[in-house]
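Chain by chain, the residues:
2 protein chains.
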Amino acid sequence: MKPVFAEIITIGDEILYGQITDTNSAWLGTELGLLGVQVKQISSIADKATDLIEALEEAMNRADLILITGGLGPTRDDITKKTLADYFKCELKLHEPSLADVTELFRSRGREMTEANRQQAFLPESCIPIRNIIGTAPGMWFEHKGKIIVSMPGVPYEMKRMMTDLVLPKIKESFEFPVIIHKVIQTIGIGESFLADQLSEWEDALPENIKLAYLPHLAGVRLRLTGIGSDADELEDQLLKELSTVSNLISKHIFAYGEVSLEETIGMLLLARNMTIATAESCTGGYVAHKLTSIPGSSMYYMGSILAYDNEVKIKQLQVKPETIEQHGAVSEQVVREMAENVRKIIGTDIGIATSGIAGPGGGSEDKPVGTLCIAYSDATKTISKKLFFNKDRELNIEFTTMSLLNLVRQSLP
Amino acid sequence: MKPVFAEIITIGDEILYGQITDTNSAWLGTELGLLGVQVKQISSIADKATDLIEALEEAMNRADLILITGGLGPTRDDITKKTLADYFKCELKLHEPSLADVTELFRSRGREMTEANRQQAFLPESCIPIRNIIGTAPGMWFEHKGKIIVSMPGVPYEMKRMMTDLVLPKIKESFEFPVIIHKVIQTIGIGESFLADQLSEWEDALPENIKLAYLPHLAGVRLRLTGIGSDADELEDQLLKELSTVSNLISKHIFAYGEVSLEETIGMLLLARNMTIATAESCTGGYVAHKLTSIPGSSMYYMGSILAYDNEVKIKQLQVKPETIEQHGAVSEQVVREMAENVRKIIGTDIGIATSGIAGPGGGSEDKPVGTLCIAYSDATKTISKKLFFNKDRELNIEFTTMSLLNLVRQSLP
Chain P
74 MKPVFAEIIT IGDEILYGQI TDTNSAWLGT ELGLLGVQVK QISSIADKAT
124 DLIEALEEAM NRADLILITG GLGPTRDDIT KKTLADYFKC ELKLHEPSLA
174 DVTELFRSRG REMTEANRQQ AFLPESCIPI RNIIGTAPGM WFEHKGKIIV
224 SMPGVPYEMK RMMTDLVLPK IKESFEFPVI IHKVIQTIGI GESFLADQLS
274 EWEDALPENI KLAYLPHLAG VRLRLTGIGS DADELEDQLL KELSTVSNLI
324 SKHIFAYGEV SLEETIGMLL LARNMTIATA ESCTGGYVAH KLTSIPGSSM
374 YYMGSILAYD NEVKIKQLQV KPETIEQHGA VSEQVVREMA ENVRKIIGTD
424 IGIATSGIAG PGGGSEDKPV GTLCIAYSDA TKTISKKLFF NKDRELNIEF
474 TTMSLLNLVR QSLP
Chain Z
74 MKPVFAEIIT IGDEILYGQI TDTNSAWLGT ELGLLGVQVK QISSIADKAT
124 DLIEALEEAM NRADLILITG GLGPTRDDIT KKTLADYFKC ELKLHEPSLA
174 DVTELFRSRG REMTEANRQQ AFLPESCIPI RNIIGTAPGM WFEHKGKIIV
224 SMPGVPYEMK RMMTDLVLPK IKESFEFPVI IHKVIQTIGI GESFLADQLS
274 EWEDALPENI KLAYLPHLAG VRLRLTGIGS DADELEDQLL KELSTVSNLI
324 SKHIFAYGEV SLEETIGMLL LARNMTIATA ESCTGGYVAH KLTSIPGSSM
374 YYMGSILAYD NEVKIKQLQV KPETIEQHGA VSEQVVREMA ENVRKIIGTD
424 IGIATSGIAG PGGGSEDKPV GTLCIAYSDA TKTISKKLFF NKDRELNIEF
474 TTMSLLNLVR QSLP
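If you read the protein sequences in the order shown, they are chains P and Z. For the first sequence, the working numbering gives the first residue as 74, with consecutive numbering after it. For the second sequence, the working numbering gives the first residue as 74, with consecutive numbering after it.
Think of the hints as simulated: they come from the structure by calculation, not from any bench. Since this is a predicted model, take the numbers as computed values, not measurements. It is possible that part of the hints are untrue.
Since the list gives no way to pick out one identical chain from another, each pair is judged satisfied if it fits inside one copy or across any two copies.
[To be verified] 25 Å max Cα-Cα, derived BS3-like pairs, lysine-lysine:
no.	residue 1	residue 2
1	Lys389	Lys418
2	Lys162	Lys75
3	Lys245	Lys441
4	Lys243	Lys465
5	Lys394	Lys418
6	Lys256	Lys325
7	Lys220	Lys121
8	Lys155	Lys218
9	Lys465	Lys455
10	Lys465	Lys441
11	Lys465	Lys233
12	Lys284	Lys121
13	Lys394	Lys314
14	Lys459	Lys75
15	Lys245	Lys460
16	Lys284	Lys155
Chain P with its partners taken away, still in its complex shape (with noise of 0.2 Å):
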């Protein structure tokens, strides 16, 4: 079996200026190595039609497959089509389904199609044109010279969802992979090298067969194994058989298996013990909220919060003892625990949490430096806090604070 190279073009003068971090490609990279594709270059351009030939014509010399994203907006900067249409000699004509698919997405949204939205369905008669239903931009595939060629939007949401449905399920058809499969475990509370020093000696044991990745990110870590075979059931087998090690060895640090968030397993687990919550979050400015209610049917368990930026609201709202605020000050374990048993009465909920913290930048002081941060969570029969010390910048402490609260709860719940 060959191995199947990949190259990536991203096509945008605002990725050359810097005005936008290419996210397209790292995203493309991970979906193409699931599959067992090796990225052999990432390359990104100028919306010029030259320097796509030219980049196009060297992707062509070292890969299989071309992914290309980007340059297919209705204004005159956006090349990407016309280019493709010259390059593989054929003319652009009116592809029905992809203008119905337009003329869909401008009625449903209740405006006006203009003529330039009308032009982005037509495409080059050559391509097996890809749908958009998100979009106005169709995608293309092109199959020239044994290579296989896809344009698709560079609109990071427009571009998964299409390779996501669409494009990965024909790349799949169309090459011959080994077996490979992934098994994630994710795990929170413990940092990388903690973790690697835990799993060393079973990790340097592993077969030739099976490679272990650590995917650190804020509040935890992913563990990816990768196994390449020939047999799927065998090394289903023999990666569960690592799975069942692994396991024993960091049990209380993994919250769940496979590419589930912390804030969908707390969501299971609540719906689970048919349990509702409610969150009192001062710090965290409706962070906490927002990752619970991200999820969808977050409305079967998640009720609702009161937000009590300023103390007023924590005192009126929440009713928070003004002298507990007094004693102890807004960012104290006394104030989060009052805060956390408070909402679960006043909404009603079996659950509350609550947070109050110095995020930062500013409202630091020597006795509560900023990245003092409070956590608490209250059910029926108990109130547990913690406070935590976290001194990155704003967006990263209030992260940070969310993610250990969704931990607090799922290791405290009854």
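Go by the hints and put chain Z onto chain P.
The following block gives chain Z in isolation, referenced to the frame of chain P:
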């Protein structure tokens, strides 16, 4: 004056696998752009000598200046230095000042230096070494066939420090540059194609040395004017003239000039008016509050929120009349108006804003499909509500509702 073209090559398997996003290139692109260097291509390649040589040769054909990052570490998969020595046909030789730097670095950290780290001070004879005072790998400056090739570490903070302190000044001396000035105009509430329609006549008449770029995002479009000239004052005048024409053509869609976000703009507008704001969110689940509180100093104007995901919370905490919900449904302009008016009174702020909608994927009906989104703004003298349709995925519906509401605040503030 000839334009100076550059290319950037970033080295590392982890970039191609998508395990890290290449952020060095965007930073380098910005720095080079500010200097007047045009980046022609960014290429990311594997830790492989043949791939580096191929990428370098292609870049040498197109560019005057080639910046390489990565592959300078002490491990065997770091191939950059050896490959460049081979390519420039010279030997590695101990560079005493670099050895002194590395030795000092380890001494200051109280750690022992390994042989692999000592090897990092061996550099190709034909290069001008570039000091690295915060890491173990020195940079290298080569001049070859009239081109300049610079190799730097891949660790972002080491690369940035080296670039800022040593490489950029040296690039400035090495070429003659035109003056390049960028101006950014931030718009919201109008799509790219509609904007293009309104600007086409003006765009067609732009002088040759000024280019316009459309940089669309979810709820708006950034416009960037780039001018190239020889005299900074003249070019600035020329750009300001064009800027004022654009401003007149699309004034009501512009919320800021320069790199300012909508939530920052709202913050500045509120501070200028000495006004406070509170939020009442349903479908956005805390995201509006999160956006507003992501701005440092937002506690000056943001007081709090009642997040009423459940209808009971809308009635009990937000005092929405049960009959309004019964008659019009929770997702209605009537309910969202009451939410905005009431939260303003309950929290005691100048402004109250509210959301209610069907973010999906569940919860839609014939009458109110997924993507039906209501927003409202209320102050002492008026309440304004809007019903929007925007059928994307849950995350985007939430984001779109939030940005639309912030735009409504911008338009409605007294």
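Comparing the hints with the structure gives:
1. Taking CA atoms no more than 25 Å apart as the test, Lys389 paired with Lys418 passes in both settings, with 14 Å inside one copy and 13 Å between copies.
2. In this assembly of identical chains, Lys162 and Lys75 lie within 25 Å of each other by CA distance neither inside one copy nor across copies; the values are 30 Å within and 34 Å between.
3. In this homomeric assembly, Lys245 and Lys441 never come within 25 Å of each other (Cα to Cα): the closest approach is 55 Å inside a single copy and 38 Å across copies.
4. With identical chains, the CA atoms of Lys243 and Lys465 are at most 25 Å apart between copies only, with a shortest distance of 24 Å across copies and 43 Å within one.
5. With identical chains, the CA atoms of Lys394 and Lys418 are at most 25 Å apart both within one copy (15 Å) and between copies (22 Å).
6. With identical chains, the CA atoms of Lys256 and Lys325 are at most 25 Å apart within one copy only, with a shortest distance of 18 Å there and 51 Å across copies.
7. Taking identical chains as interchangeable, the C-alpha atoms of Lys220 and Lys121 lie at most 25 Å apart whether they share a chain (23 Å) or sit on different chains (23 Å).
8. Within a single copy, Lys155 and Lys218 get their C-alpha atoms as close as 20 Å, which meets the 25 Å cut-off; across copies the closest is 36 Å, which misses it.
9. Taking the shortest Cα distances, Lys465 and Lys455 never come within 25 Å of each other, neither inside one copy (31 Å) nor across copies (41 Å).
10. Taking the shortest Cα distances, Lys465 and Lys441 sit within 25 Å of each other inside one copy (15 Å), while across copies they are farther apart (43 Å).
11. When the C-alpha separation of Lys465 and Lys233 is checked against a cutoff of 25 Å, the pair qualifies only between copies, where the shortest distance is 13 Å, while the shortest distance within a copy is 31 Å.
12. When the C-alpha separation of Lys284 and Lys121 is checked against a cutoff of 25 Å, the pair qualifies only between copies, where the shortest distance is 14 Å, while the shortest distance within a copy is 38 Å.
13. Proximity of Lys394 and Lys314 under a CA criterion of 25 Å is satisfied in neither setting, with 53 Å inside one chain copy and 58 Å between copies.
14. In the homo-oligomer, the alpha carbons of Lys459 and Lys75 never lie at most 25 Å apart, since the shortest distance is 53 Å inside one protomer and 57 Å across protomers.
15. With identical chains, the CA atoms of Lys245 and Lys460 are never at most 25 Å apart, being 49 Å at best within one copy and 42 Å at best between copies.
16. Taking the closest pair of Cα atoms, Lys284 and Lys155 come within 25 Å of each other only across two copies (20 Å); inside a single copy the shortest separation is 42 Å, beyond that limit.
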